[in-house]
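Q: Sequence:
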Amino acid sequence: MNMKLKIILWVILVIFLIFISIFFLSKKFNSETNTFLSSSDILKTAESFIKKGDEFDRVKDKKAIVNYEKSLKLYLILKDYERISYCYNSIGICYRRLEDYNKSFDNYKKALYYADFIKDKKVKLRRKASIFYNLASLFELFNFYKKSLEFYKLSSYCFQKLGRKDDYYETRGDIGIVYRRMGNINKAIEETFSAYNYFLKQKNWYQIALYANNIGYFYLKKGDIKNAEIFHKRALNIALKYNFGDLFPYIYNGLGEIYFKKHDFKKSLKYQKLAEKTSDGDNIDRFIFKDMAQLYLAMGDKEKAAYYLEKYNKLLKRLFNPKIFEKFESLLSFIEKEKHKQELLVVEKEKEIERLMKNLFIVGFILTLMVLGFLFYRYRVKQKMNRYLELLSRKDPLTGLSNRRDMMEKLEEEVLRFKRLRTTFSIAIGDIDDFKHINDTYGHAAGDMVLREIADIFLASLRNMDRVARWGGEEFLIFLPNTSEDNAFGVLEKLRKKIEERVFKYKDKEFKITMTFGLCTFKEGISLNECIDMADKALYEGKNSGKNRVVVYGKN
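Counting from 1, position 198 in the sequence shown corresponds to residue 197 in numbering that gives the first Met the number 0; the numbering is continuous, with no gaps.
Quick caveat, the hints were computed from the structure, so don't treat them as lab data. Errors might be hidden in some of the hints.
Derived SDA-like pairs: lysine to any residue, alpha-carbon spacing no greater than 20 Å straight-line [stated by the list, open to error]:
(1) 260 x 241
(2) 511 x 438
(3) 260 x 51
(4) 554 x 511
(5) 266 x 314
(6) 72 x 105
(7) 72 x 54
(8) 289 x 263
(9) 496 x 486
(10) 260 x 243
(11) 220 x 181
(12) 51 x 69
(13) 511 x 436
(14) 120 x 148
(15) 51 x 40
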């Protein structure tokens, strides 16, 4: 090949390479130009998706998640960290509403991560305030109260820095609830009163009703029934006036508890049924089901008590499923790292758990302990509840004495013992004379006080082996084992005199009462029911012959 041909080939090659370079550079330039030109279109599309997401979120439609995720992909392209954090936070809220707590945790974590890249300090503060609040609420749901308190305080600090007083005092109200659940009632009342007084000045009736209800509930837990009733009724009046329907189940549940404490089971049941009817979520259902079980048991309806206890246990099992804790350790590790970056930190740093994440075996061990601990806790709670239900089913809730069922079981055992060993026993029925006059004159609370004090006199005066039951209303049945007719008469006569001499005091009033007793000693040839009936007839005879006496069946 001659030199001339070689030169021609080299020129062609160079021209070809130049052409290829120009082609690719042109393509790259056009691509970058197109991207630049279309960024505004991407932003508009992202905004339309986020707008749809917000609309679906307001009506609690799960389509909100789809739209938030679509907008999230576009904001990630644009590197708009404020909107990225907003989308993750909103998705976390949606998953919490759907009770998918693992995904809710995961999205809150990402929201917090991207919030740290926001350059505008006020925007960053606003975004973190919301995320901290949501994390606090989620920790509270699963009884991690120390963590919940920590994040509520972080959130309130952010709101204070931003000058958002309404949000700041709302968060203090939430802090009050956490303190109550931690057992610090005085601190709970202090925090909630600060929120209540602030919104009272603002005339924000919804918040006033909300915090009045909370204060009433805290007073109830403190044992101050009078103030509890005042604040609950104040909350109810406002809620009814302005139709704050979402507050009804909480207020009704609180009133149901108050009247249970006052032994007014009819009113208690009325309000608990209203609470159940207006309830819209698991959070309040937990308390309603538990209270209904206790109430029906006190009323003697064990079947309904068992029904509500079963509903309560099923709800606990669903809410505290061990799978919820699968991502909990990784979330805590992330949060501990995040705390080092926060200039907003206002609570002391807790024990480092980052080390636990370095060894998968240790993490697995900790998670296993958590699950086993939870299952053991559930088992102990169930055992304790069953023992408590059994105890309640045998006790009169007002006096603490045995009820009719418990006494009948003891008497039936004694009849069997009589048949084996021929051991004598006596049964007496006592009735307070003119008890209706006490209720009509001084009120039912005075009547309840009399019944409790009569029970105390019986327990203090009788032997350890003797038994007393509230038989119904103002009637008491006294079972005296190994006691003949004459000895039983002597015991009852002493009781009658003690009661006659006792001065009863209710508020600033003093009065005396008397009791009439009918006595029957169990004998061969009669049944237990016949013996009780004979004691009742003797009591009737004592009432007709002047009251305040002990009458033995068959003797004038």
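Q: For a C-alpha distance cap of 20 Å, please report whether residue 554 and residue 511 respect it.
A: Distance of about 28 Å is beyond 20 Å: violated.
Q: Can the restraint linking residue 72 and residue 105 be considered satisfied, given a maximum Cα separation of 20 Å?
A: 17 Å, holds
Q: Given the hinted pair residue 511 and residue 438, is their alpha-carbon gap at most 20 Å?
A: 13 Å, holds
Q: Check the hint pairing residue 496 with residue 486 against an upper bound of 20 Å on the C-alpha distance.
A: Holds, because 16 Å separates the two Cα atoms, which is no more than 20 Å.
Q: Mind checking the alpha carbons of residue 260 and residue 241 for me, to see if they're no more than 20 Å apart?
A: The given pair, whose Cα atoms are some 29 Å apart, is violated under the 20 Å limit.
Q: Taking 20 Å as the top limit, are the C-alpha atoms of residue 120 and residue 148 close enough?
A: 24 Å, violated
Q: Would the hint linking residue 289 and residue 263 be met if the CA-CA limit is 20 Å?
A: Given that 20 Å is the threshold and the Cα spacing comes to 18 Å, the pair holds.
Q: Holds or violated: residue 220 and residue 181, Cα atoms, limit 20 Å.
A: 12 Å, holds
Q: Just to be careful, I want the Cα atoms of residue 72 and residue 54 compared with a cutoff of 20 Å; is the pair within it?
A: Holds. Residue 72 to residue 54 sits at ~19 Å (cutoff 20 Å).
Q: Hint check: residue 511 vs residue 436, CA-CA at most 20 Å. Holds or violated?
A: 12 Å, holds
Q: Taken at face value, is the distance from the CA of residue 51 to the CA of residue 260 at most 20 Å?
A: 49 Å, violated
Q: Does the structure keep residue 51 and residue 40 at a Cα separation of 20 Å or less?
A: Holds: residue 51 and residue 40 sit about 17 Å apart, inside 20 Å.
Checked against the numbered hints given earlier, this structure breaks hints 1, 3, 4, 5, 10, 14; the rest are met.
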